[in-house]
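**Q** The primary structure of each chain is shown beneath.
There are 2 protein chains.
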Amino acid sequence: MTDKFTFSLDYSSEECWGRVGRIQTRRGEIPTPVFMPVGTAGTVKTLAPDEVKTAGASIILGNTYHLMLRPGTGVLDHFGGLHRMMAWDRPMLTDSGGFQVFSLKKLNKINDEGVEFASHIDGARYWLTPEESMRIQRSIGAEIMMVFDECCPYPSDEKTARAAMERSVAWAKRCRADHPHLRNGQALFGIVQGSMYLPLRLESIKRTEEIGFEGLAVGGLSVGEPKPLMLEILDGMMPHMPKNLPRYLMGVGTPEDLFYGVERGIDMFDCVHPTRIARHATVFTTEGRISLMNARWQLSDAPIDADCSCYACRNFSRGYLRHLFKAKEILGLRMASLHNVTFMINLMNNIRQSLIEKRFIAFRDQFLGRYLDKENK
Amino acid sequence: MTDKFTFSLDYSSEECWGRVGRIQTRRGEIPTPVFMPVGTAGTVKTLAPDEVKTAGASIILGNTYHLMLRPGTGVLDHFGGLHRMMAWDRPMLTDSGGFQVFSLKKLNKINDEGVEFASHIDGARYWLTPEESMRIQRSIGAEIMMVFDECCPYPSDEKTARAAMERSVAWAKRCRADHPHLRNGQALFGIVQGSMYLPLRLESIKRTEEIGFEGLAVGGLSVGEPKPLMLEILDGMMPHMPKNLPRYLMGVGTPEDLFYGVERGIDMFDCVHPTRIARHATVFTTEGRISLMNARWQLSDAPIDADCSCYACRNFSRGYLRHLFKAKEILGLRMASLHNVTFMINLMNNIRQSLIEKRFIAFRDQFLGRYLDKENK
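Residue numbers (the numbering used here), protein chains in the order written: chain A, 29 to 405; chain B, 29 to 405.
Any given hint could be a false lead.
Each pair may be met inside one copy or between any two copies, as identical chains are not told apart.
Dumping the calculated BS3-like pairs for lysine-lysine here, alpha-carbon to alpha-carbon at most 27 angstroms [said to hold, decoys possible]: (1) Lys255 <-> Lys234; (2) Lys133 <-> Lys354; (3) Lys137 <-> Lys32; (4) Lys356 <-> Lys133; (5) Lys32 <-> Lys201; (6) Lys354 <-> Lys201; (7) Lys356 <-> Lys187; (8) Lys271 <-> Lys32; (9) Lys354 <-> Lys134; (10) Lys134 <-> Lys187; (11) Lys81 <-> Lys137; (12) Lys134 <-> Lys356; (13) Lys356 <-> Lys255; (14) Lys32 <-> Lys255; (15) Lys133 <-> Lys271; (16) Lys356 <-> Lys32.
Calculated from the structure, these hints are not laboratory results.
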């Protein structure tokens with residue numbers, strides 16, 4: 029396995045800011061734009077790695093916060109990293125732990141050095157700093173690591189937003205110092221902050237870019253703000269993002285978000301949404317989301333989505349899947365999760381193809397027309 | 029799909045009462061002796077049908093009690109039976125609902141006509157009779173149906189045991205009258221009762237055999253009695269069981285039970301034990317059961333069982349599986365279930381082979397020597 033990390037652009041759309049490219053890593057290629065399923069605690073919830081592969085995932089996420097608490101870096105080091113432990117041989121990306129830590133209620137102390145918090149598992153106290161986050165992410169061993177940043181809640185006043193942005197820049201520098209280019213064979217991405225204040229966002233882009241990273245992420249969006257505001261901020265930011273780096277919109281998306289992000293020039297997406305709603309019986313179809321618990325499917329012979337190639341859609345009716353959810357059978361959670369992950373990845377593949385074939389806008393309007401129309405009923 | 033149900037004996041051991049044969053059904057062959065995984069509510073818990081096939085299952089069970097309550101015969105009829113609904117194309121066996129109903133606390137009324145009970149789901153009242161059990165089992169559509177019987181608890185006095193046996197014989201006659209030979213293409217097995225009283229057991233064998241069934245089951249064992257007592261009853265019964273019919277020991281077994289039953293001439297076994305203990309992190313190995321929650325596996329690189337060919341053993345260490353159980357990840361339940369089902373089926377395949385190769389006793393002593401030795405530590 030040779031250290032490698034390159035990003036190349038194959039095609040830039042003339043219809044929008046969308047672009048098509050590929051990230052080459054030591055564990056294989058990631059075609060972009062890409063949707064990355066989330067494997068919170070060392071598994072994409074309910075799914076086996078071969079199923080995630082069959083769904084077409086070229087990269088998955090791991091969560092530093094969860095993995096540092098359990099199994100912990102001692103165990104991860106023993107097993108030679110998370111890839112080997114969880115039998116996943118394709119690329120992986122880890123967040124920094126910052127987002128989860130700042131979302132915790134039991135945040136004991138925060139200063140320029142780092143953050144002290146209590147574990148949600150046993151209340152034990154932990155310190156997380158930029159350097160500690162780098163150390164943990166090296167134990168996990170993902171192809172792409174993220175800088176430790178401060179993500180402020182929505183809404184935040186400008187003073188709070190600036191302070192968090194300044195601290196994020198300072199921490200980004202410490203991360204880069206601790207983790208130079210491809211140390212341990214792993215790339216490191218910077219994160220743009222600045223809440224909903226475009227001037228702060230632009231300053232953050234400039235100062236983060238200057239530090240020098242292998243990719244640049246947009247953090248602090250989809251944190252509770254109205255969607256039009258998120259898109260407005262993206263509209264203002266994206267022309268200023270460096271073109272030669274992969275751009276990652278953290279914690280986004282839904283099917284519609286993939287279109288909104290791609291047309292603004294985003295290359296990478298991740299979200300727990302598809303697997304989380306699946307475990308509550310909600311699944312994607314080209315005609316909007318449906319709940320498999322709904323009584324109307326009791327006698328339905330139809331698959332979740334007739335166009336889908338996943339195991340659930342090839343073998344099971346909505347009627348049977350409804351039965352599984354009513355009977356609280358784990359196979360129901362599995363099949364809904366498998367379908368939603370497959371749906372997101374197939375949708376992104378279709379988006380990518382539509383960009384190349386210069387019909388992205390038509391595809392977007394056709395898809396969202398059907399999907400959102402039914403959603404809003 | 030042509031109606032077909034035959035049982036043929038290929039080999040009778042000279043070392044013990046064990047026998048090797050095959051049941052031919054409209055949905056394929058079942059080599060015997062066989063272990064049948066239980067698919068309580070239309071799914072072998074946590075597993076997809078392709079996984080159950082890969083584990084080597086030639087037949088699975090469905091539970092009439094659970095399936096009559098949910099999804100109910102209206103839904104089953106709509107889908108053309110459980111096979112099609114759950115995408116299982118190999119043979120299936122259904123119990124009669126009697127065992128579960130008699131285990132219920134909310135048993136409202138029992139008389140010679142049948143049993144009234146309240147659903148554990150919503151408290152709704154149901155009547156179950158021999159004819160109703162036949163009707164429901166025809167809706168489910170298994171290759172093998174079971175007569176509706178009364179299974180008495182352990183311990184029961186002789187008078188109670190005789191009354192239950194007499195009622196079971198009377199109900200067996202009504203089942204046969206309602207469901208003649210291969211009606212709807214489905215075979216029907218009788219069930220021997222008589223609690224721990226050998227004379228009652230022998231009388232039950234004779235009177236049930238006389239009614240004429242496609243197979244004969246031993247019910248009312250493994251209901252709380254000491255294992256030596258169960259084996260003593262089997263020792264007394266088995267020489268009197270008809271040789272030309274498949275013999276099914278209901279609700280048994282553990283790995284050791286497979287040996288105990290096979291050497292006494294049992295052809296078919298089923299039990300929720302392997303999948304139930306799996307969901308509590310207990311898995312089979314050739315050196316006894318282990319708990320994957322045990323701290324000693326935290327850094328273990330070893331698979332559950334080095335000789336096992338299941339997906340879990342080919343891909344995951346005990347250390348990773350322990351992590352999944354600690355983190356309450358569903359993949360842990362799946363992998364432990366898959367392993368235990370695979371283990372039971374592989375063990376039965378090895379037992380079958382050892383019978384044919386005239387080395388059953390040696391194999392039994394070697395396996396149980398290792399398995400029980402570690403179990404008892």
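**Q** Does each hint hold? Answer for all of them.
**A** Outcome of the hint check:
1. Lys255 <-> Lys234: Within. Shortest intra-copy distance 25 angstroms satisfies the 27 angstroms Cα cut-off; inter-copy 76 angstroms does not.
2. Lys133 <-> Lys354: This pair counts as between: shortest inter-copy Cα distance 23 angstroms, intra-copy 34 angstroms.
3. Lys137 <-> Lys32: Classified as neither: same-chain Cα gap 38 angstroms, cross-chain 73 angstroms, threshold 27 angstroms.
4. Lys356 <-> Lys133: between (31 angstroms within a copy, 22 angstroms between copies)
5. Lys32 <-> Lys201: Within. Shortest intra-copy distance 22 angstroms satisfies the 27 angstroms Cα cut-off; inter-copy 75 angstroms does not.
6. Lys354 <-> Lys201: Neither: 51 angstroms inside a copy, 36 angstroms across copies.
7. Lys356 <-> Lys187: neither (48 angstroms within a copy, 41 angstroms between copies)
8. Lys271 <-> Lys32: within (20 angstroms within a copy, 69 angstroms between copies)
9. Lys354 <-> Lys134: Answer is between: at 22 angstroms across copies they meet the 27 angstroms cutoff, but 36 angstroms inside does not.
10. Lys134 <-> Lys187: within (24 angstroms within a copy, 64 angstroms between copies)
11. Lys81 <-> Lys137: neither (40 angstroms within a copy, 54 angstroms between copies)
12. Lys134 <-> Lys356: between (33 angstroms within a copy, 22 angstroms between copies)
13. Lys356 <-> Lys255: neither (34 angstroms within a copy, 33 angstroms between copies)
14. Lys32 <-> Lys255: Cα proximity of lysine 32 and lysine 255: none, with 36 angstroms in one copy and 62 angstroms across.
15. Lys133 <-> Lys271: So lysine 133 and lysine 271 fail the 27 angstroms test inside a copy (38 angstroms) and across (69 angstroms) alike.
16. Lys356 <-> Lys32: neither (45 angstroms within a copy, 35 angstroms between copies)
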